[in-house]
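2 protein chains.
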Amino acid sequence: MIVQTQYVTFERELRLHSGATLGPITLAYETYGTLNQDRSNAILICHAWSGDAHVAGYHTPNDPKPGWWDDAVGPGKAFDTDKYFIVCSNTIGGCSGSTGPASIDPRTGKPYGLSFPIVTIPDMVEAQRWLMDHLGLSSWLTVTGGSMGGMQALQWAVSYPERTRSAMVLAATAALSPQTIALNEVARQAIYADPNWNKGDYYGRTPPNAGLAVARMIGHITFLSDASMREKFGRRLKNEKFGYSFETEFEVESYLRYRGNAFTKRFDANAFLYLSKAMDYFDLAYGLPSLAGAFRHITDTRFLVVSYTSDWLYPSWQSKELVRALLQNGLDATYVEIDSNYGHDAFLLEVDRLAEITRDFLKRVETTDWRITVSI
Amino acid sequence: MIVQTQYVTFERELRLHSGATLGPITLAYETYGTLNQDRSNAILICHAWSGDAHVAGYHTPNDPKPGWWDDAVGPGKAFDTDKYFIVCSNTIGGCSGSTGPASIDPRTGKPYGLSFPIVTIPDMVEAQRWLMDHLGLSSWLTVTGGSMGGMQALQWAVSYPERTRSAMVLAATAALSPQTIALNEVARQAIYADPNWNKGDYYGRTPPNAGLAVARMIGHITFLSDASMREKFGRRLKNEKFGYSFETEFEVESYLRYRGNAFTKRFDANAFLYLSKAMDYFDLAYGLPSLAGAFRHITDTRFLVVSYTSDWLYPSWQSKELVRALLQNGLDATYVEIDSNYGHDAFLLEVDRLAEITRDFLKRVETTDWRITVSI
Numbered sequence: 000m001i002v003q004t005q006y007v008t009f010e011r012e013l014r015l016h017s018g019a020t021l022g023p024i025t026l027a028y029e030t031y032g033t034l035n036q037d038r039s040n041a042i043l044i045c046h047a048w049s050g051d052a053h054v055a056g057y058h059t060p061n062d063p064k065p066g067w068w069d070d071a072v073g074p075g076k077a078f079d080t081d082k083y084f085i086v087c088s089n090t091i092g093g094c095s096g097s098t099g100p101a102s103i104d105p106r107t108g109k110p111y112g113l114s115f116p117i118v119t120i121p122d123m124v125e126a127q128r129w130l131m132d133h134l135g136l137s138s139w140l141t142v143t144g145g146s147m148g149g150m151q152a153l154q155w156a157v158s159y160p161e162r163t164r165s166a167m168v169l170a171a172t173a174a175l176s177p178q179t180i181a182l183n184e185v186a187r188q189a190i191y192a193d194p195n196w197n198k199g200d201y202y203g204r205t206p207p208n209a210g211l212a213v214a215r216m217i218g219h220i221t222f223l224s225d226a227s228m229r230e231k232f233g234r235r236l237k238n239e240k241f242g243y244s245f246e247t248e249f250e251v252e253s254y255l256r257y258r259g260n261a262f263t264k265r266f267d268a269n270a271f272l273y274l275s276k277a278m279d280y281f282d283l284a285y286g287l288p289s290l291a292g293a294f295r296h297i298t299d300t301r302f303l304v305v306s307y308t309s310d311w312l313y314p315s316w317q318s319k320e321l322v323r324a325l326l327q328n329g330l331d332a333t334y335v336e337i338d339s340n341y342g343h344d345a346f347l348l349e350v351d352r353l354a355e356i357t358r359d360f361l362k363r364v365e366t367t368d369w370r371i372t373v374s375i
Numbered sequence: 000m001i002v003q004t005q006y007v008t009f010e011r012e013l014r015l016h017s018g019a020t021l022g023p024i025t026l027a028y029e030t031y032g033t034l035n036q037d038r039s040n041a042i043l044i045c046h047a048w049s050g051d052a053h054v055a056g057y058h059t060p061n062d063p064k065p066g067w068w069d070d071a072v073g074p075g076k077a078f079d080t081d082k083y084f085i086v087c088s089n090t091i092g093g094c095s096g097s098t099g100p101a102s103i104d105p106r107t108g109k110p111y112g113l114s115f116p117i118v119t120i121p122d123m124v125e126a127q128r129w130l131m132d133h134l135g136l137s138s139w140l141t142v143t144g145g146s147m148g149g150m151q152a153l154q155w156a157v158s159y160p161e162r163t164r165s166a167m168v169l170a171a172t173a174a175l176s177p178q179t180i181a182l183n184e185v186a187r188q189a190i191y192a193d194p195n196w197n198k199g200d201y202y203g204r205t206p207p208n209a210g211l212a213v214a215r216m217i218g219h220i221t222f223l224s225d226a227s228m229r230e231k232f233g234r235r236l237k238n239e240k241f242g243y244s245f246e247t248e249f250e251v252e253s254y255l256r257y258r259g260n261a262f263t264k265r266f267d268a269n270a271f272l273y274l275s276k277a278m279d280y281f282d283l284a285y286g287l288p289s290l291a292g293a294f295r296h297i298t299d300t301r302f303l304v305v306s307y308t309s310d311w312l313y314p315s316w317q318s319k320e321l322v323r324a325l326l327q328n329g330l331d332a333t334y335v336e337i338d339s340n341y342g343h344d345a346f347l348l349e350v351d352r353l354a355e356i357t358r359d360f361l362k363r364v365e366t367t368d369w370r371i372t373v374s375i
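Protein chains in written order, with numbering that gives the first Met the number 0: chain D, 0 to 375; chain V, 0 to 375.
Please note: incorrect hints may appear among the correct ones.
Because identical chains cannot be distinguished in the list, a pair is counted as satisfied if it fits within a single copy or across any two copies.
Simulated pairs of lysine-lysine, DSSO-like, Cα-Cα distance not exceeding 30 Å [what the hints assert, rightly or not]:
#, residue 1, residue 2
1, Lys231, Lys319
2, Lys64, Lys319
3, Lys276, Lys264
4, Lys240, Lys64
5, Lys240, Lys319
6, Lys319, Lys264
7, Lys264, Lys362
8, Lys198, Lys76
9, Lys264, Lys198
Everything labelled a hint here was simulated from the structure, so no lab data went into it.
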């Protein structure tokens, strides 16, 4: 499956959640499969922190690596491109084609850096809604994603219930726990501590790679679980025996150093910071007496909430709280807890189990009439 | 209770586990209570990563803060200074009075920095054994400690079973899991990434405080639990509402920044690195077919192993594996899992429960004859 990244630029300003404005806005996106006659088979896949619009397939015949969720998106897969028209767009605030802190600020002709405004999950969804209109789509059959992608799926249902027939929320939460905020903050501090960061003003110079690598290493620990690290690495040494030095001794150290370093070649440190803040700010219950209140305007959207037993970043108790709040509103919400050792990464890896659940869920959504019409 | 730190310098060289030598060696230590006639009431308390010899009491009448485990050590407390003669010494490789990387290397007249040799938990115990001889003690009634202190208690039983009547191992392990090694490695990388670290050569210049603060913040996250962070901070904001900036938004961020920064005022970055490596290397099963083999020479030492339900740094499954290995050797081992939300910090905080268990355990140890005599 060969796919091209497409770009659309909106020559207007987006009023952000913070009160600031951002514009013009470019969005990078990819589409897979064919839109049907009545435009009822469109699915939006939202990516996580370090993801991009390239969810599946290859960019060229010789491309060494497929998109980030190729196991789940394609002909006959969980998100079947023979049946559905699938859209994935890079979020604003990121660094993979959509407008973010590394983009040129048209007012100054220089990269935004820290003058880029804070963007939130609702802001990302709003930009995606512009793309939806641009594509001539009045509703999504489902909006889905894991981690930060799951937060966007939830936000779609809250912001545009009349355009969201269903939401599949994987390994996500309605609000980050203090432990997860703390982990994000330490990752940020690692970047701030790198003198090359220079308060975000490093474009055209040496970027803060050392700080970004440390930040990403923290991430990699949280994506795995105690059990999966024992399976994957144990206490295996890089060499035959202890070297008694500060060189890499254990395979797990080697893995982290490699992953941290590799990340700096493909990701912008400021974008990393902005996306971490977007997640911290995400809180559907913010300003409300309880989470249930967040869903009070929703009537017909169906929900599938999936958590993974060993995910300690967005643990199952959070998904259960979310489902409880949906049920308190009388909404149609299904909860599945998948038994997995893979930790938070399970949403990317446990695709066979996900495929079964997705097929059943989408069949139910498809066979239920959707009478809401939206003029775009 | 007013106490003074004492110092002893051994003008000889210690052959380290790595094969390197270290000497002369100074140890900082404190003692509490009175040694009885037959010298049978001595207890060694071993400190954790950031601890020191000052386990309890005050250094001056106006001292604003007592020692690090004052809740557990003192008249009538878990470790009752009216009954026992208690010794606590700063480990080698640290920075609180004992020989470590910030000490002057007598061969060069300059601080060791990274020319300081890697020290291990057995090396720390060996230096403590010199102190034991210096104090004229032939056996410890018990050796105890939490975290890295618990590793030393275990090592005492393995290295010197004939001088260790019992070991109380709290919130510790016989070998770090890959997840904990990974967390240590990221903390080290945060220090390495600070240009002020300068490969350990920063004494007399600006120390790598930014890197050390990040490293310590990672530590603080691992000392707490998801549940205790929810209780302690929740998603409470520093100000009334979101400021939508990179300033501190959440109380938990504020806590981490404060703690990270405060730590740099009292701890040496190189010592932090060396102690993290000592823990990584600790593995009683290293080179053996199984952990049980580590205890094969022990006959009379009794063990109390305590873990805490929400401790995810040294989780209960590790303590259970340890107890199984002790029992496989026919040893007298008691295991207690304390239900606590405090995470790894529970060993410092759940002192009431610990006091009960300690009293019962020590009574059993005291009333059992100890016929082994050691000439020192």
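Evaluated hints:
Both within a single protomer and between protomers do Lys231 and Lys319 lie at most 30 Å apart by alpha-carbon distance, with minima of 29 Å and 22 Å respectively. Taking the closest pair of Cα atoms, Lys64 and Lys319 never come within 30 Å of each other, the shortest separation being 35 Å inside a single copy and 43 Å across copies. For the homomeric pair Lys276 and Lys264, the shortest alpha-carbon distances inside one copy (22 Å) and between copies (29 Å) are both at most 30 Å. In this assembly of identical chains, the alpha carbons of Lys240 and Lys64 never lie at most 30 Å apart, being 35 Å within a copy and 44 Å across copies at closest.
Within a single copy, Lys240 and Lys319 get their C-alpha atoms only as close as 46 Å, which misses the 30 Å cut-off; across copies the closest is 27 Å, which meets it. Within a single copy, Lys319 and Lys264 get their C-alpha atoms no closer than 37 Å, and across copies no closer than 43 Å, so neither meets the 30 Å cut-off. Taking identical chains as interchangeable, the C-alpha atoms of Lys264 and Lys362 are never at most 30 Å apart, the minima being 41 Å within one chain and 61 Å between chains. In this assembly of identical chains, the alpha carbons of Lys198 and Lys76 never lie at most 30 Å apart, being 44 Å within a copy and 50 Å across copies at closest.
In this assembly of identical chains, the alpha carbons of Lys264 and Lys198 lie at most 30 Å apart whether taken from the same copy (20 Å) or from different copies (24 Å).
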